[in-house]
Each structure stands twice: as C-alpha cells, then as structure tokens.
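4 protein chains.
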Amino acid sequence: MARLGVVIVGVGGAVASTVVAGVELMKRNIVPRRGMITESSPGMPPGPLANQLDVAPLDELVFGGWDINPQSLYAGALQHNVLPTHQVALAREALEQIVPWPGIFKNEYSTNLRGDHVVKSANFRDQIKCVISDIEAFKAKHRLDRVVMVNLASTESWIAETGVHKNLATFEAGLDANDPAISPSARYFYAANRAHAAYVNFSPGPTSPALTEHAEQTGNPFAGSDGKTGQTLVKTVLGAMFRVRQLKILGWYSINFLGNNDGLCLDAPGSNKTKVLSKSTALDAVVGYPVENHQVHIHYYKPRGDAKEAWDNIDVEGFAGIPMQMKVNFLCQDSVLAAPLVVDLVRLLDVCSRAGGRGNQRQFSLFFKSPYAAPGETPVHDLFDQEKLLLDWAAKVRSR
Amino acid sequence: MARLGVVIVGVGGAVASTVVAGVELMKRNIVPRRGMITESSPGMPPGPLANQLDVAPLDELVFGGWDINPQSLYAGALQHNVLPTHQVALAREALEQIVPWPGIFKNEYSTNLRGDHVVKSANFRDQIKCVISDIEAFKAKHRLDRVVMVNLASTESWIAETGVHKNLATFEAGLDANDPAISPSARYFYAANRAHAAYVNFSPGPTSPALTEHAEQTGNPFAGSDGKTGQTLVKTVLGAMFRVRQLKILGWYSINFLGNNDGLCLDAPGSNKTKVLSKSTALDAVVGYPVENHQVHIHYYKPRGDAKEAWDNIDVEGFAGIPMQMKVNFLCQDSVLAAPLVVDLVRLLDVCSRAGGRGNQRQFSLFFKSPYAAPGETPVHDLFDQEKLLLDWAAKVRSR
Amino acid sequence: MARLGVVIVGVGGAVASTVVAGVELMKRNIVPRRGMITESSPGMPPGPLANQLDVAPLDELVFGGWDINPQSLYAGALQHNVLPTHQVALAREALEQIVPWPGIFKNEYSTNLRGDHVVKSANFRDQIKCVISDIEAFKAKHRLDRVVMVNLASTESWIAETGVHKNLATFEAGLDANDPAISPSARYFYAANRAHAAYVNFSPGPTSPALTEHAEQTGNPFAGSDGKTGQTLVKTVLGAMFRVRQLKILGWYSINFLGNNDGLCLDAPGSNKTKVLSKSTALDAVVGYPVENHQVHIHYYKPRGDAKEAWDNIDVEGFAGIPMQMKVNFLCQDSVLAAPLVVDLVRLLDVCSRAGGRGNQRQFSLFFKSPYAAPGETPVHDLFDQEKLLLDWAAKVRSR
Amino acid sequence: MARLGVVIVGVGGAVASTVVAGVELMKRNIVPRRGMITESSPGMPPGPLANQLDVAPLDELVFGGWDINPQSLYAGALQHNVLPTHQVALAREALEQIVPWPGIFKNEYSTNLRGDHVVKSANFRDQIKCVISDIEAFKAKHRLDRVVMVNLASTESWIAETGVHKNLATFEAGLDANDPAISPSARYFYAANRAHAAYVNFSPGPTSPALTEHAEQTGNPFAGSDGKTGQTLVKTVLGAMFRVRQLKILGWYSINFLGNNDGLCLDAPGSNKTKVLSKSTALDAVVGYPVENHQVHIHYYKPRGDAKEAWDNIDVEGFAGIPMQMKVNFLCQDSVLAAPLVVDLVRLLDVCSRAGGRGNQRQFSLFFKSPYAAPGETPVHDLFDQEKLLLDWAAKVRSR
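Residue numbers (numbering that gives the first Met the number 0), protein chains in the order written: chain D, 0 to 399; chain A, 0 to 399; chain F, 0 to 399; chain Z, 0 to 399.
Pulled out of the complex, with its shape left as it was, chain D reads as follows:
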C-alpha cells in the first residue's frame, strides 16, 4: 500500500506531537502500540479492527501540518513532556525534519493564545489557497496519493451561528467578504474539501450545513467533533451503568484541571462555553432525561502540565429514595488519551474515503464527545452503542 499523508492543524501542540513522536517510536519498536482499535497490542487481544480492514500500516504514515509556533516536532515533543525525554531522543532526526507550516490564526477565537508563525494574508481566499498549496507540495515531496487532515487546534471561542453557515452559497459569499464568523477551522475544513483530504475535526466546534454540503459536493468524507477522551468518556460509561440500574442521577459535579495550552485556552470564558455545552449533551442523551445539577468546571492549573486531573462527584438516588455518592478521580494525560484516537481516525477515514464515503460519517461517533448528526438525526452517545455502530460499518466494508 502506498504511503498515507497526515496533515494536522496545530501540529506543534501536545496531542499532535504525541501522535507523531509516538508513531515514530512505535515504528522503531521502542514503545508498545497501545490504545488503538486498529492495531495489535502486547498482552491483550488485538483491537477489533486491527486485522479486519485494509488500514494503512504505521510505517506508511507521513506527517506534516500547520502551527502558529515554528518549532520542530522534536522541540515540541520535549516541551510538552508527554513521552520521556530519553525515548524522544531516539527519534530525534525524524522529528526534527517536521517543521510546521505557518498557520491561519485569529486572536478573537483563541483569546489566551499568542503566535506569530502565521499566514500573512488576511484575505480568506488567499489563506485557503495557501493551505491547499501546502498540501500539494507535501504530497509531491513525499509522493503521496492520499492525505487526511486532522484539526487538533485549541478550542475556538463559541460564536452564535450566523447566516453565513446556512448553506454553501452563503458560505462562499462569506469567504469572499472575509466574514469574521468564518473561523480559522472552518477555512481549513473548506481547504480540505477542495484538496480532497478526508477531514477529522477532533476539536470542539459545531457542524456546519454549509461545509457538509461542500463535502458532499466535493465527494469528501469527514467526521467530528471533539475527541471523547477523559471525563466525558467516563461520564458516558458510568451514565449507562446508572441507566441500566435505574439509579436516578440527582447531580453530577465535574471539575478538570490541567496545565497545558488547552487548559489555558479553556480558561477563557468563550472557549469554555463551547466545551461545556459539548459535555452536558452527552450525559443527558445516555441516561434519557435531562440531568439536573450537572456542573462542569475547567481550570488552568500549572503544576499539572500536560497531565490532566478530572474529578467527578455523582449523587444518585436508589431504592426507596435513598441517596448514594460516587467519586471518580482520573489522573490522566490528555494527549495520551487523544493520540490513539487520532491514529484510528486517520486510518479509518482513509478506508472510508477509498470506499467512496462522502459527507458526514456518523459511524465514527465512538471517538467523539459531540458526534455530528444530520438535521433530524439523534446523535449516539452511549459508548457501547457507538462501538456497535462502528463494528457494523466495518463488517459491511469488509464484506464488499
């Protein structure tokens, strides 16, 4: 199989550098191939899609991407400090060769971040051209015929949907007018469609009728949004347990604190709102009723670094109205939870693209906090229902 290009928006961030450095170390058999359902892992049964689909081998993945910080992936992996320094050093040469292309950036969307390695033009059409030509050059240099784009940029501020996203025509007009309601990530998505790069939105952000129309028209598949990693993963699973046992949830108090850029970004009220909306919908959907007294707080706390601590307190009411409590403390690493999902998504979107998929691919809901759904469709949030959805799709693809 020919090599597969992976172009990442925010390639210098913690998640992306963990993906790239981790894969490079896996290629060299320095670290175990853990956490991916499209891979086999030592000491446990292989992932359910490891040997079932014609996925690109890790050795055939080639990485590139954009960032507002110009440092190489080697410097980035050391800075984010997710993988041990002495391991990262073993893939130094490969990582130093990956240097981000200048990114599209708009401060209004990420009020706590700063960066100057940016596309110079403020004209949206020019920016999009720039992104497409980055992809073309990348394909030429590495002789790639397929590319998947993954958005791993920090959460953008929440903005009310405006008319510009209503359909492709309004959106195109908005691009011509440099309408500020078209966020940087929307411009990347548009460029992906144009470049025939299957698109994964791993960051939070609403679905867009305009871009869905565009993807369908260009014959490009996409999936999103917002990787289901730490607290929401646990929430949808424990929520399902309380549902099965008919224990009424009286309240759910969740806090997160983390010390990486994502935390810094989410400490800004606008971005936090996007994220919190994404989290609460999932729980209500899983249990089948609106959970009262559901709170989610996110704070930037420097000592934690990239490690994230999620703490949940759940009050439930049992038999005869008697209250009980559960507390969960998850000492996790955001990037460690996210990275394998990114690898899985890249491989599966590529399979999907080759199988002729176009537009929104809801069978990948398993990976997302806020799975995109068509108007009228109900998103699936239960982890085990999501798993079934994916496996059923895989069986269908395989049987062709």
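Any given hint could turn out to be false.
No copy is singled out in the list; a pair is fine if it fits within one copy or between any two copies.
What the hints assert, rightly or not - Below, simulated DSSO-like cross-link-like pairs (lysine-lysine); rule was C-alpha separation at most 30 Å, straight line:
1. Lys301 <-> Lys26
2. Lys140 <-> Lys165
3. Lys301 <-> Lys326
4. Lys128 <-> Lys26
5. Lys301 <-> Lys165
These are computed hints drawn from the structure, not numbers from a lab.
Based on these hints, arrange chains A, F and Z on the given structure of chain D.
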C-alpha cells in the same frame, strides 16, 4: 393477578429487611419506586421491563422467610438502619407481623455469626421437610398459588466441590447420610425445587450439577449467583470502557469496608475466598485477558454500619506505554443496591416459571456477579451484553 | 451564675439553628456535648478550657436574634435538616418560642438572597436604635445582665474600604448620612458596642479602625472574623506539616460545593471574593511564603444540602525536586463544624468581658480564618500557635 | 570541617540509593536541596536548623555501607527508579564507586527477601568484627575522623522481647551463644557503639535496654525508630487537628500499597505486625485516648513501584453527635519522604556526638514514628511538640 409469595432465606438481614420495608413503603407511596427495571420511577424513563411483561404488582407481593434471629421485620428494619426511622414507623403494623421461621444453620459455614433461632433437628431430611411445610403453611395462610424463594443469607465458607454434588443420585445419598459437604443453602435450594418455588441464589456460591438436575427434573427454574451490586458492578462497566479504548490494565487494587453482618462474615477467611473468586473472574471475562495485580480486600469496619465504602485504584497503560491512574470511591449502601435487584428477580422468575422455564435461567445474568452457566457455556459478564440477553428473552416471552 | 443572653444576627440560618437546637438537645442530654473546648465530651479527654475557666453553663444560655425570614427556630431547624427530625422534635416547645426579630438587610450586600422580615426604616440611626431596643427588651424579659452578640449572617459582598471606616468620627458622620459603605453588619457591630454586648464576627468581613475605636471607647470586647471550619482548618494544619517537613508547595487547588444559603450567597461573585481572600492569606502565613498556583473555587450544588464537600489537591516538591501529590476529600457539615466554635466564643467573650477586656481580642484567633489584628500586628494563622495563644490567655485569666 | 562518613545498613535499597544519588546530584547543583531542615531550599524560607548549627556541608559527606545485593549504587539508583534516569547518569562515576560490603542477614527476620552477598560466618562475634573492620577501613581510605551509621534495612519480623535484651550482660552472653533473638540490626547497633559511630535506627524495631546501656557506656549517641514519612506523618498531624477541635474519632481506616522491596517485606505477616504496632501507638498518643476501629493494612502492589499510595478514611463525630468523614489520598514516594530525614539525622547526630551526647537522644523524635523513650518517659508523637523539642535542643547547643 393472584398474589405472589416471596420466601427469603435470611429474611431478618439488612438486604431482606430493606426489600420488605421498602416495598411496604412503596405500596403506601411514601418512598419512590426507584432502582427496578420492572417498575416506573419518577423523573426518569420507566424501567425497560416495567410495562412489557406481566409482572406481579408490588401490591400483590407477600413476604415471609427464615432467619436465625427471631426478631420481627420491624425490629430488623430499625436495627439495620437503612431506611429512616420515621419512615419505617409508617409501616410498623405490617412489618411487625412478619416474624422469621427458624433457620437451618451450620456454624462451620458462617464462622463469624451466631444464632439460636434454628431448626432443632440435625437430620437433613427433617430440616428439608420443615422448610417445605413452612412454605405450604405460608401459601395456605395467604391463599397463594405461586411462591419464589430467594437466598439472601450471608456468604457461606468456600468448600472444595466433593463427589456429593456430582449428580442428583449422589446428592440424594448425601442427604440421607447428612453429608457436611451439603451446605444449608443447598438444602434450601433442594426444598425449593420440591415445593415448586422458583429459586434465586443472590448470595455467592457455586452452581451444582446435582441441584441443576433436580430443578430440571422437578420443572423448577432458578437463577444465580451473587448479586452484582457495588464494586463489581462498577468493575464490569469500567472494564468494558478500558476494553473499548484498548487501554491495558496493569493492576486493579480494590478494597471494601462495611460494618454490617455481611462484612463481619466476610472478614472470616473462608467466606472471603468465596467472594473474591467471584469478583476476579468477572473482570477477566469483560476485558478478555487475565488482569495481573488484581487484588480485592474486604474488611469489617464498624463505623460504616450498613453503608459500604468501596475504593478502587486502577493502573492502565495507554498510547506508547504511558501509565495513567483512576481512582473510584463509591459511598454506597449494600442493601440499597441489592434490594431492587431482588424485587426484579422475584418478578421475573415468576414470569419465567409461568412461561414454563425450568433449570438454570442465564438470561438473568444481568443481576449477578457469577452468573451460573452450563458446562461448556461461557458466562456473560459485560453489563451491556447482559442487558441485551435479558431484553431479548423478554421480547420472546412477550411475543408468545 | 446568672443567665447569659446570646443574640444572633441571622438566627434563622443553618449555623444558628444548629447552635440553638443542639444546645437545647444537650441540655436535655439527648445528644453528646461534642466539639467544644469549653465542655467535656464522652469517651475523650475534656476540652482544655472545660474546667479551667468560669464559663456559663449550657443550661444558663438564652437565645434570641434577628433574621430576614420570620419562621421560628423549630421550623428553621427542620428546614436546614442538620439534626435528625426525630431529635429536633424533642425540643419543639423551646424552639418554637424563639422567633426572629426583623433584620437589617441591604440587597446590594447579599445579591443572591431575598427576605422581607426586615426593619422598616432605611435610616441607619433608626435601625441601630431598633437593634438596641430589641436587646434591651430581651434582657428585661429574661432578666439577663450580660449579652453576647454573634454575627452569623451570610457573607456580605466585598467592598473596597472607603474613608468612612477610617475612624470613629468619619463613621459617625457616615451613619448620619446613611452612607451605603456602612454595611448592615457594621451597623449591628455599632449597636452591640452601644448596648455593651461583646461582639463576635463569625462571618467574613474586614476589621474596621472606626469600630475598633468605638469598642475601645465603649469598653466592649470583640473578636473575628470568619469561622475557621472546614477547608481552611485543614489547610492551615496540612500547611504546617509541609512547613515542618520543608516540602515546597507547588500548587493548591481547592474546591467547595454546598447546597445551603451560604453556598447560594457565595456563588455571587462579590461575596465569593471576600471569602477567597480570607482563605489564601491563611495558607501563605502558615508556610512562610506566597503559595503560587493556589486556587479556591466555591459552587452552589443543590443535592448536598447543608452538607459541604471540600476537595483539595496539593502538589508538593520533595527531596531532589521530586513531585508528589495529596488529595483530601472532606465530607463535612458546615453547621456542625461551626456551631461548637460559636458556643465556645460566646462563653469565652463573656469571660473576657467580665475580666475587663475591651477592643480586639486576638487570643481568640484559634476560631477564625482571618483573625483581626491591630495595624502592624501579624495575624497568627497556624492552628497550634493559635491554640497556645488561647491557652496562655486562659492561664493568665485563671491565675488572677 | 573534616569530612563525615555515613555508613548505611541496606545501602543498596531504595531509600539509601535515593539519599546517596540525591546528595551527589545536589553537590553538582543538578537538583534542588529540598526537604531538609538543615538546608536552605529555593523559593521558601531556609530550614530552621540550616544556618543555626555547625552541621556538615553536603559536600563533606562520604557514603558507604552494607547490602545483601552486591550491585553498585549506580545500578541501584537506576533500578529503584526514584530519580530520573538522565539525572542519575550525571553522577554515574561517583555512584559506581560505591559498592556494598557483604551484609549480615538472617532469613527468619525478612521472610520475603533473598540475598547472597552476605558475611560468611554465622558466628555473631565474627560478624561484628567484620562490620567494625569495614568501618575502620572506610575511615582510613577516606581519612575520616567521624562516622554515623544509619539502619535503612527492611523491617525485621516482630519477635517477643526475651531475656537476652534485658541488660548488657545478658546481651553479651547472648552474642557469645549466637542467640537467635539477637537480630541482625541489633548486631549492627552493637558494632556501631564499639566503633564510636553514632547510630540511627530508621527502620522499625523496639528499643533495647541492653543496647541503650551499651551506648551510654561507650559514650555513643543514638536515635530511633522508624522514620515518620507518609501516612503516620499525616496521621499525627490530622490527629492533632481533631484534638484541637474536640472532634471524636470514631474510626480510622488506613491502607497502603507499594511495589518496592519494603512492600514485599511488609506483606509478610511478621514484619507487618512490627509496623502496624508502630503506627497505632502514635495516633492514640496524639489524641489522648485509644482510637477504636483503627485499622492499618499494607499490601504489595507491583504497578506502583517505589511510589506509595496511602489512603485514609476517617470517621469523626462532631457537635451534637453528628458524623462526618474525611478521606486522604497521598500519592507519595517512600524514598523521597525518607531521604531528607536521613540526611538531617546524620548531620544532627554528628553535631550531637561532637557535643558529647551519649545514649538515647529523644530530641530527634520529630523524625520517627516510634520515638525511643526511657522507661517511665512518655514518647512525644505530636509533630509540633516534636518540632519544639528539637528546636529547644538546638538553641541550647547553639548557646554553648
């Protein structure tokens, strides 16, 4: 529908008194009908089997049973202190009328317990006759045509399986010889079969080829064993989550401390062994590989009373071999978690019995830590697979 | 000894109703006399000041006070649900006789609260007259010669200190002008001085040069502020431990959630600010350096009721720079922690008053999160240093 | 000041290798000088004894010692994995030069450990001669005039005190007879006295009248026992808090799990008993009454490695008998907590020795779980009382 008798082994214990007092309060609309999948519950969708099967209404349940402690259910409910005193007082008259019949007891099986409200004869055949005649008298008194027996006695000491349990013939010979390898609970089960009372083993204890044969022969259904309430419930659910995300479990350290008789009983090494065996099998089955460094410790700790505290520490390995930790602290009430499962089981075994079920009924695995399986059959431990098994059975029953 | 009057600002609140109902039950020997250093407690050594000072016996305490909610203390104790209903019922008659007098209230200071049982006049001098005449009537009715006033009202919004608090003269002028910078609690304090009622500020709030001058001039002792109950109590103790072991605190992340009026009140940004300021000073003082990354978050969470949950995560750096973490989860009851301190303070201020104390009494720092200190004085925050300060004072009083 | 020799029993263990490697890195300014009260630490006030006493500078400490495992301290530090590999590498040369001398070992005292780098003779007098000559050679080689011995060996099994420890005469006779009641650590202590090496018993183990007499006779100071590091440190501090607030402790449930040799050793029932006895005495002493329902469990759990996790659940009763709970989860590193205490003790025993101290030095109680006390003396367990004891002694030494 005619009234349904429920006879409980260990009717004076914390779980049983919660079941009986709770149902009496629900009949009077004093407390909400929470936690049962065969019932509707305020503020949330009805249980999935609430309106689907012809289950006995709560108002038609009549309770009786055996205990080595002679106090009435009113005194018991106050002593166990699960439901608030002022609520229990509102069902005083009904509860005072339920006085345990003398129980079969063998100190070797419950080394930390004492009791003298016991069947006088040491002859097994006499003891069994006694149990059957208690049931007959109960049916006559309350004009019942159906009875379900539930074993809620404290965990019995673990004993190696001996030849006596091999088949019905050896078992019958063992009864004649008062073979000590036939535990009190085995004698109750035998009596249930003889009295055509569907049997639920909610306490831990291995399946027995002899009694399975007996149940099939007498045309009696049964289900077991060991109610899946607190920590194992959580374990099979989080285990499924780690399986879906391909996170390798490096170790799982579990402790429980509780201050009721069950805790006192489990502090005896023999009983603890029965329980711990039951817990570890479930996790391995859910994740698909033997979990190393899996420890389960149970301690008697008086200040907790009937409330139980379960603590879990889980070490997992994620992407590129990076370790993460999760801690869960469940401040639960053993009896509150168990009681609704008992009500569900009583109703469903009754439906099953009326539908002609006989022998082991594995569709009720959802309720058990150690679901009974026929030789060669693999028990189902995943909570969501268990739920599917039950709902499929219900659909079949309904469609007849 | 003659009886001692206790008049409470916010007498209908959770803390006050716990104080009053608890003392009434203790007088009747229904509940143990727990938590007070001026009392003996079953099963443990007597409080260090139990038999050392001539404190008023519990039987001689008479309670009254103001509240913006007119319900009796019996209704209040049931509503706040701190003491079990069936116990409160045993002191019903006594509690029903305590009905709050109308309170001074200003919505700007407590934005999340509402109440209409208020002193009608908006004129400050009239309000103060009203308070004083309430006290006089109370003394006459119960034939009391001594009264202590305790401020247990909800936290007032933080306001920048203005000139009006600079000295007594500016303050008196401010009263004449109904200056809004003079909060309701400042007016109560002024009234206490005028009525010769020793004053305890158990709520947060800065010291005031004007009122200190007033207390000294009128010969009245006072103490404050902000009862050191849950999280800050733990913080000053663990902080002292880290200091002794020279472990550097890298960050301290604290959250509180509670469901009573105090929580509702603190969810308003202004009041929260007063409280958080109070908490952070204490830790820095105990460890001897400004703790970076110290966060305190307080949220209103209804399912908790009066029970409060405090959660702390502490990151420390040990030998050779190696990081470690500690997590503390305190499932406490705000009112249960506060009530015994109130009783101790009432008794000790009375002793102090009789011994001729006037002005700020810093020997009572043991009870406070933000002990009042004179200009130039350093407040003592270490719990064990505070204890020594108090015991030294008691020894001095005793030796006279 | 001339250089100070430090000879360690169990020099290859986790604590010792952390001490030695940590000090070597501090000498090179690679890691901060954290956790010692005899040292200054960046970003916080200096330790209270940092500039007060004439303690040996870190640069003047020279390390040696015995172990039943022959690997160098470099190999040991890497194996125990407390300090990061890339830091340890920076002191490789110095650490490789420290190779343990063969140790005295008796399997009956450490049933879960194995080792064959042992003193060949089973004759106690020969073993002691061997230890003394190791010390003499060490002093000669490094031109040292002072040596302190620290016992950091794994916890020995608990044995009932026999007559042999009654006084020096019986002990000497026991040595002649190779009496098995004289444990390896007792032989080391005897050798230390003979070699005029001040002795620190940092491991658990009872005081011995015989060896106290010996130390006094030989003019040698000693201190012990059992370093107060993780859970007991927290216990004596929180216990003091509950004492100050007169909250009655109803129960204290403690567990520890760790994955190093110390954990393996403590999993053996005999050693566990020694340790648990040591822990419970401290709490009772601090609160002033015997705490009921106090449990301490220690388990070996491999995934944790040298890191230790301590969990505490505390039930307390407050005002009017209302119960509350506190939970503490300490994610600590045994060796990181112990190492700085060892450095402090070495320096302070050296000061003490130079100041003419002989026999038991109870002013060092601050460092110990089970401070040695003379018959009739009450050991001081409260951390803050212990601190005062030490500072008072230091002031006296300084003022001479």
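Consistency of the hints with the structure:
1. Lys301 <-> Lys26: between (32 Å within a copy, 29 Å between copies)
2. Lys140 <-> Lys165: neither (37 Å within a copy, 72 Å between copies)
3. Lys301 <-> Lys326: Both, since 23 Å and 17 Å are each at most 30 Å.
4. Lys128 <-> Lys26: neither (33 Å within a copy, 57 Å between copies)
5. Lys301 <-> Lys165: Answer is neither: 40 Å inside a copy and 40 Å across each miss the 30 Å cutoff.
Checked against the numbered hints above, the structure violates hints 2, 4, 5; every other hint is satisfied.
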